[in-house]
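A.B. asks: The lines below spell out each chain.
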Amino acid sequence: MRLLLIEDETTLREALTDRLIKAGFVVDACGDGIEGVYFATEYPIDLAIVDLGLPGQSGLDVVKKLRKAGKKYPVLILTARDHWQDKVEALELGADDYLTKPFQTEELLARVQALLRRAGGHATSQIEFGPLKVNLTAQKATLNDEPMELTGFEYKLLAYFVLHPDQVLSKLELNEHLYEDDADPDSNVIEVILGRLRKKLDPEGDWKPIQTLRGRGYRFSPDVEKAHDSE
Amino acid sequence: MPKQDAASGASRRIPSLIFRQSIASVLIVVLALGLIGLVIDQAFRSTEQAALWERLESNLFVVLAGIEVDQNGQLQWAATPLDSRLMQPGSGLYAGGITQADRWFSASTINASIDPLETLSMMERGDSRRIQPSSALPFYRYQMGLGWETQGGEIIDLTLWVAEDEARSSETGNAFRANLGRWLLIAGIVILSAQLVLLLVPLQAFRKVATEVQNMESGKQQRLQGRYPRELKPLTDNLNALMETERANTEQYQRALADLAHALKTPLAVIQAQLDDLPAHDAESLRDTVVQMQHHIRHELDRAARSGRRTMLASIDVGPVTLRVITSLQKLYPEHRFELDCTTELSANILERDLIEVLGNLLENSAKYGANITRIQLQPAVSGGRRTGLQIDVDDDGPGLTQVEFEYLLQRGIRGDQRAEGQGLGLAIVERIARSYQGSITTQPARLGGTSIRVTLLPE
Chain B
1 MRLLLIEDET
11 TLREALTDRL
21 IKAGFVVDAC
31 GDGIEGVYFA
41 TEYPIDLAIV
51 DLGLPGQSGL
61 DVVKKLRKAG
71 KKYPVLILTA
81 RDHWQDKVEA
91 LELGADDYLT
101 KPFQTEELLA
111 RVQALLRRAG
121 GHATSQIEFG
131 PLKVNLTAQK
141 ATLNDEPMEL
151 TGFEYKLLAY
161 FVLHPDQVLS
171 KLELNEHLYE
181 DDADPDSNVI
191 EVILGRLRKK
201 LDPEGDWKPI
211 QTLRGRGYRF
221 SPDVEKAHDS
231 E
Chain S
1 MPKQDAASGA
11 SRRIPSLIFR
21 QSIASVLIVV
31 LALGLIGLVI
41 DQAFRSTEQA
51 ALWERLESNL
61 FVVLAGIEVD
71 QNGQLQWAAT
81 PLDSRLMQPG
91 SGLYAGGITQ
101 ADRWFSASTI
111 NASIDPLETL
121 SMMERGDSRR
131 IQPSSALPFY
141 RYQMGLGWET
151 QGGEIIDLTL
161 WVAEDEARSS
171 ETGNAFRANL
181 GRWLLIAGIV
191 ILSAQLVLLL
201 VPLQAFRKVA
211 TEVQNMESGK
221 QQRLQGRYPR
231 ELKPLTDNLN
241 ALMETERANT
251 EQYQRALADL
261 AHALKTPLAV
271 IQAQLDDLPA
281 HDAESLRDTV
291 VQMQHHIRHE
301 LDRAARSGRR
311 TMLASIDVGP
321 VTLRVITSLQ
331 KLYPEHRFEL
341 DCTTELSANI
351 LERDLIEVLG
361 NLLENSAKYG
371 ANITRIQLQP
381 AVSGGRRTGL
391 QIDVDDDGPG
401 LTQVEFEYLL
411 QRGIRGDQRA
421 EGQGLGLAIV
431 ERIARSYQGS
441 ITTQPARLGG
451 TSIRVTLLPE
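Protein chains in written order, with this note's numbering: chain B, 1 to 231; chain S, 1 to 460.
Any given hint might turn out to be false.
[To be verified] Computed spacing ranges between beta-carbons, pair by pair:
no.	chain 1	residue 1	chain 2	residue 2	range
1	B	41	S	402	50 to 56 Å
2	S	402	B	124	28 to 34 Å
3	S	293	B	41	32 to 38 Å
4	S	255	B	165	44 to 50 Å
5	B	11	S	292	17 to 23 Å
6	B	44	S	337	31 to 37 Å
7	S	292	B	188	51 to 57 Å
8	S	285	B	128	37 to 43 Å
9	S	293	B	44	36 to 42 Å
10	S	340	B	165	33 to 39 Å
11	S	285	B	14	22 to 28 Å
Quick caveat, the hints were computed from the structure, so don't treat them as lab data. Glycine included, C-beta positions come from ideal geometry on N, C-alpha and C.
Chain B on its own, in the form it takes in the complex (with noise of 0.2 Å):
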């Protein structure tokens, strides 16, 4: 999943950084309001952290001009200004949700996964895929019933499958929401990293969950009754 952070604070934002990649994410961090708004248009963002008061376009612009550019991930309002008229406001402008200042660092954690997940159409953090099923919060998957050893690469890929489902995902797309600037899109990482993701969720190879779509990407669309006579 790739984060845009935009917080003019340098420290916070580094720090917020390192959180948000210890917990798995792509993070591309900015520290004011115009750099913020090429990021937010230009980039294949999954859910944006703005903090209202920048330098440059304030929070709420961004916001807006996102919006406008017909950007639909979720964005979450950092603020310190904790009036409910400002919250109403920010919410208004096609905000989803807010966290006021100063906030634990585990609360945006689980802030930005509850958005992620709603924006998936997901009520609760675990979703369930037939026997597969995978928690976001406690970032974990059981295949019936059992735990899955899973990679941070692996676990990235599946969660961002089980958050996609029934969507043409291109090797370029993946590459872009789950590895950094740097990556080569045209190595075969991601290949390799899906082929082990297979064969862990379909050791006996009669379900096939993750479909592959030649020229155009990979499709996660798990036959859940299969799954069940399989079992």
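Given the coordinates of chain B, assemble chain S onto it according to the supplied hints.
C.D. replies: Structure of chain S alone, referenced to chain B:
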């Protein structure tokens, strides 16, 4: 209240402009018309007197032309026509002639009580006198002493007199004065009425200002909008400028507070974010300090925001503002159901940010703490003044609060010793806002099974 007593006392001491102007007008008009009446009366009197003497004098010469004196001093009337009043008995105009031997009286003296005139004494030859009436002789008299040369060449002393009854003369004067008085009274009424109208017309502008200021006070309008005469423009323009400045100052003040909040809280957020790198024990104690500081900052900024309130609260439409809050909360709690019961035209003199703050805190609390449905009922609350207050009832089907828990949460928020943002802080904020509006926050018997809170906001 003492303030009101003082105000009503002041209004008793200072009478209205109309009253003062009316009294002044009445005094001036009475004085002016009185003087005019006096001057006209004096002019009439002197003219009348002059005419009277002239009349008496000419009558005397008519009598002189008609009278005959023989050698014995006997007086005889030649048949020369006289002023008809001299011929008419009791007409008030009398004439007579006196010699040593005889006295002659005009026909008008017949049956008239002119006793004093009958005994008039003779005058020196060549002497003439105008004599004002006295209590003994209430007649205007003109008399002349003459020497009458008889046919024998003898000179006989002759005194002629003409008199007019004082009562007759003053009758004319009284009639004139009564007439003059009537016309002066009519003129006075017309002048005073015109003055009153002239006074009321410019006062219309003052009345308009007063109405508009009243509307501003009750929040129905933000500035004076009417067209005013040039003389009032400095007042109305300055009032508008004052209101504008107050509005700008309030906005600037709120902006400055927001900037201050940002400047204070961002470093706290930095400290908070770096706590994870510290050993657990140190992190915990620092975290507590950060929360304490956070609460103090919020409390003080809140207090500062409240002290920067505007004096004249605009009237806001409550329904749309509430819907904004509900729509925003629906975004955060999509599964929660909010039911609003509010008449479309409900309005109240409350700051929009205060209403949003109260509703935001109450509704988020119920959405946050286990409820599925929140019902919001809004009704006008009577504050006694010109401004309309609001009664907010929020019911939910959550686990509910006992009276003791409710009181505790309010206290906890006020004391500021809670460890995390929660219901206590939210309720304490609502309580502070309610108090600033002379209102209250209370729990009610639960109608949906959960918490039921009533907040009243009563603007002064």
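A.B. asks: Against each hint, give a clear statement of whether it holds in the structure.
C.D. replies: Hint-by-hint comparison with the structure:
Between residue 41 of chain B and residue 402 of chain S, the C-beta spacing of about 52 Å keeps the proposed range 50 to 56 Å intact. In this structure the supplied range 28 to 34 Å holds for residue 402 of chain S paired with residue 124 of chain B, their Cβ-Cβ distance being about 31 Å. Here the CB-CB span from residue 293 of chain S to residue 41 of chain B is close to 37 Å, well matched to the stated 32 to 38 Å. For residue 255 of chain S and residue 165 of chain B, the hinted distance range of 44 to 50 Å is satisfied, since their beta carbons lie about 45 Å from each other.
Checked against the hint of 17 to 23 Å, the C-beta distance between residue 11 of chain B and residue 292 of chain S comes to roughly 21 Å, which is consistent with it. At roughly 35 Å, the beta-carbon separation of residue 44 of chain B and residue 337 of chain S lies within the given 31 to 37 Å, and the hint holds. In this structure the supplied range 51 to 57 Å holds for residue 292 of chain S paired with residue 188 of chain B, their Cβ-Cβ distance being about 54 Å. Range check, residue 285 of chain S to residue 128 of chain B: about 41 Å between beta-carbon atoms, so the 37 to 43 Å window is met.
Roughly 39 Å separates the CB atoms of residue 293 of chain S and residue 44 of chain B, a value that falls within the hinted 36 to 42 Å. With their beta carbons about 36 Å apart, residue 340 of chain S and residue 165 of chain B fall inside the hinted range of 33 to 39 Å. Taken as a hint, the range 22 to 28 Å holds for the pair residue 285 of chain S and residue 14 of chain B, whose Cβ atoms sit roughly 24 Å apart.
Every hint from the earlier list agrees with this structure, and none is contradicted.
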